[in-house]
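Protein chains: 2
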Amino acid sequence: MTPQRINELLTVYRDGLLNDTLPFWIKHCVDREYGGFMFALDRDGTVIDTDKGIWQQGRFTWLLSTLYNTVEPRAEWLELAKHGIDFIRKHGFDADGRMFFQVTREGRPVRKRRYIFSETFATIALAAYSKATGDKQAQQEALDLFKLIIRYLTTPGLIPPKFNPETRAGKALAIPMILIVTAQILREAVDDPTLCNEWINRCIAEIERDFMKPEFKAVLETVGPNGEFIDHFDGRMMCPGHAIEAAWFTLHEAKLRNNDPHLLKIGTTILDWMWTWGWDQEYGGIIYYRDAKGLPVQEYWHDMKFWWPQNEAIIATLLAYQMTGDEKYAQWHQQIHDWAYTYFPDPEYGEWYGYLHRDGRISVPLKGNMWKGPFHLPRMQWYCWKLLEEMAV
Amino acid sequence: MTPQRINELLTVYRDGLLNDTLPFWIKHCVDREYGGFMFALDRDGTVIDTDKGIWQQGRFTWLLSTLYNTVEPRAEWLELAKHGIDFIRKHGFDADGRMFFQVTREGRPVRKRRYIFSETFATIALAAYSKATGDKQAQQEALDLFKLIIRYLTTPGLIPPKFNPETRAGKALAIPMILIVTAQILREAVDDPTLCNEWINRCIAEIERDFMKPEFKAVLETVGPNGEFIDHFDGRMMCPGHAIEAAWFTLHEAKLRNNDPHLLKIGTTILDWMWTWGWDQEYGGIIYYRDAKGLPVQEYWHDMKFWWPQNEAIIATLLAYQMTGDEKYAQWHQQIHDWAYTYFPDPEYGEWYGYLHRDGRISVPLKGNMWKGPFHLPRMQWYCWKLLEEMAV
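Going line by line, the protein sequences match chains A and B.
Everything in the first sequence is counted per the numbering used here, starting at 1 for the first residue and increasing by one.
Everything in the second sequence is counted per the numbering used here, starting at 394 for the first residue and increasing by one.
Calculated from the structure, these hints are not laboratory results.
Careful: at least some of the hints might be erroneous.
[Said to hold, decoys possible] These stretches of chain A come out as covered by chain B in the derived footprint (C-beta under 8 Å, 3 or more residues):
(1) 107-120
(2) 160-172
(3) 323-332
The model shown is predicted, which means the values in this text are computed figures rather than measured ones.
Backbone N, C-alpha and C fix where the C-beta goes; we use that ideal spot for every residue, glycine too.
Can you make the complete structure from the sequences, with help from the hints?
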C-alpha cells in the first residue's frame with residue numbers, strides 16, 4: 001500500500017466519520033424530550049418509529065465515549081454519552097438485573113429477549129464512559145454487568161433454550177465472538193485485567209476448537225456443545241461477516257500481545273476461509289449466508305448485502321495487512337472498500353444504506369432501526385482511521 | 394372468461410396437481426422408516442434436512458384426505474393420510490396437549506412454539522381424515538383440538554405475549570384468518586355446526602371491525618386489542634398475500650351462505666384493497682410486505698415474491714370472478730396466473746420454487762422446508778380445478 005493510498009484512505013474514513021456519519025446521527029437521533037436516542041430513521045433522518053432499541057443506546061454511547069477517549073475530548077461527545085448512560089441506567093434494566101431489548105420513547109418496556117446482547121452493549125458503553133469520565137460507579141456497573149452475563153451464560157437453565165437441549169443441543173458463534181470484544185473494551189476500563197484476559201483466552205480457544213472446521217475451511221454459526229457438526233439447516237449455516245468480525249477481534253488481540261503468532265494464525269485463517277466463502281465472485285461484496293455443504297440456505301434473503309459485513313471485512317483486511325504485510329490483504333481491502341463505497345453511501349442525505357440486494361440495488365432505504373444505528377459504520381471509520389495513522393508513520 | 398379459457402385453466406390446475414405436484418411429494422417426502430413425512434427437499438427432491446415440521450405433517454394429511462373426499466377414493470391417498478395421522482398422533486403432542494413445531498426424523502421434539510398453528514393444521518388433518526374414514530376418534534380429536542386452540546387463545550396468560558401487553562398490546566390478523574378456515578373444514582366433519590359457525594362469524598366480524606382500515610384502504614397485520622392503529626413498524630405492516638387469503642376464506646363462506654351480500658362485500662373489498670397494495674406494477678406478482686403509510690418496511694426482504702401469496706391471489710380472483718361476474722377479477726386472475734406460471738414452476742424437476750426475488754429470479758432453489766410443503770400450491774390447484782368444473786357447467 002503506497003503512502004498516497006494510505007493517506008487517501010485515512011481521509012475517507014476520518015472525514016466520513018467526523019463530517020458525515022456522526023453529524024447525521026447527532027442531528028437526527030437525540031431525544032431531548034425523553035432522553036436517549038431514537039434510531040429508526042428514514043433515509044433523510046426523519047424518525048419513523050419512536051421505539052428505542054437498547055442495543056443501539058449502548059452502542060452509540062460506547063462510540064461517543066470512545067471518540068472522546070481516543071480522538072479528542074470534545075464536550076459535545078461527552079455530553080451525549082452521558083445522555084445515553086442516563087437513559088440506559090433509568091430505563092434499560094428489568095427488576096432481575098437483566099436488560100430489555102426494546103422500550104417505548106418514554107422508556108417503558110416493550111420487549112425483553114432471552115439473549116444477552118443488550119447487556120454486552122451496555123457493558124461497553126459503561127466501560128468506555130467510565131474511562132472518559134473517571135466515573136467509578138460506571139466502572140463498577142460495567143464489571144457487574146459483565147459478571148451477570150457470564151453467570152447467565154454459564155448457569156444451565158438461566159437462559160431458556162430455543163431448541164430442546166436433549167435433541168438439538170447447540171451453541172452459537174455469536175456468544176464467544178461478542179464476549180471477546182466486550183472483554184477487550186472492559187479491560188481498558190478496569191484496574192485488574194485478569195477476568196477479561198481469562199474470558200478472551202477462553203473464547204478464542206472455543207472458536208478455534210469448536211467452531212473452526214478445517215474439513216469445510218469454514219467457521220460455522222452453530223455447533224453442538226462440544227463442537228459437533230449438526231447436519232441440518234442451522235448447523236450448516238455460515239455468516240461470513242460474523243466470522244470475519246471474530247477474525248479481527250482475534251487479530252486485534254494478537255496485536256496487543258506483541259503479534260502473538262498463534263492468535264495471528266487463528267485470525268488470518270478465519271479471514272482467509274471466510275473471505276473465500278463470503279466474497280461474491282459475481283457481484284462483489286460480502287454475502288450474508290452460505291451453506292457449508294453448498295446446499296440451499298433456509299433463510300431466503302441469504303444473498304443480500306448488508307452494510308455491516310462489509311464494515312467488518314474492511315477492518316479485518318486492513319488489520320491483517322498491517323500485521324502481516326501480505327499484499328493479498330491489501331488487494332482484498334481495496335476490493336471490499338471499493339465495492340462498499342460504490343453502493344452503500346447515500347450522497348444526498350449522508351450515512352449508508354443498510355440493506356441492499358445482491359447486485360447492490362437498494363432494498364430498504366432506511367438508515368436505522370432496531371439493528372442498524374451508529375455502530376458498525378462509524379466503528380469501521382474510527383478503527384481504520386487510527387490504523388492508517390499508525391501505518392502512515 | 395370464455396369456455397375455452399375455462400377448460401384450459403381447468404386442465405392446467407388438475408394436471409398440475411395430479412401429474413406434477415402430488416407425484417413430486419409422494420415420491421420424495423414419505424418416510425417409510427420412521428413414519429410421517431420429510432419436507433425439506435432440494436430442487437430435485439433430495440432430502441436436505443431430516444427434521445419434520447408439524448405444520449406440514451398436518452397440511453399434507455389434510456390435502457390427501459381432502460383429495461380422497463372430493464376427487465376420488467384412491468387407496469394410495471388414504472394410506473398416506475393414515476401414515477400422516479399415525480405420526481401426528483404418536484409424535485405431534487406434548488404432555489400438556491399442545492403440539493410441537495419441529496421434531497427429529499424419529500419424532501423426538503426439537504422445538505415448541507407459543508403459537509397455535511401446529512394445532513390448527515392438525516385439526517384440519519384430523520377432520521378431513523375422519524370424514525374420509527368415518528373414524529369417530531379422529532372426529533373427536535379434531536373437535537377437542539379446536540376447543541383447546543380456542544381455550545388458549547381466549548384465556549389471558551396461557552400464551553405468553555411476545556411484547557409487553559401494558560405498552561404494546563396487539564393482536565394478529567393470522568389468528569382470525571386461520572380460525573375461519575380451520576372452522577370451515579372442521580364443520581364439514583362434525584355433526585353439529587354451531588360452534589364452527591359461531592367462530593367463523595366472530596372471526597369475520599373481527600377482521601371487518603378491527604383489521605380493515607378504510608383510511609388506508611388496507612387490512613393491517615397487527616392492531617391493538619380493539620383495532621387501534623399502532624404507528625410503529627409492526628403496526629403499519631401489511632402482508633397482501635395474507636389478507637387476500639382471508640378474502641377468499643370469506644368469499645367461500647359467502648358462497649356457502651347463498652352468496653350472502655355482506656360477506657361478499659367484505660371479501661371483495663379486502664381483495665380490491667390488497668390487490669392494489671400487493672400487485673407489483675413494475676415487475677408483476679404479489680409483493681410480500683408493504684407499509685400502510687408508504688414508509689420503509691423493517692423486513693429487508695419485503696419485496697420478495699414468495700409462492701404462496703401468488704397461490705392465494707389466484708384462488709381469490711377466480712372465486713371473486715365466479716361469484717360476481719366482474720370482468721376485473723378475470724383480468725386480475727389472468728395477470729397473476731400468467732406471472733406465477735412464468736416464474737415459479739421448475740420444468741426440470743417439477744413443483745414450484747418458493748422464494749424468488751422481486752423480478753422473478755430464483756433466490757433459494759429448494760422445494761420444501763419448515764414452511765413450504767405440499768399445501769398452498771396443491772390447495773390452489775385443487776380449489777381452482779373444482780371451481781372451474783362448476784364454471785364449465
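Status of the hints after comparison with the structure:
no.: 1; hint: 107-120; result: holds (count 5)
no.: 2; hint: 160-172; result: holds (count 6)
no.: 3; hint: 323-332; result: violated (count 0)
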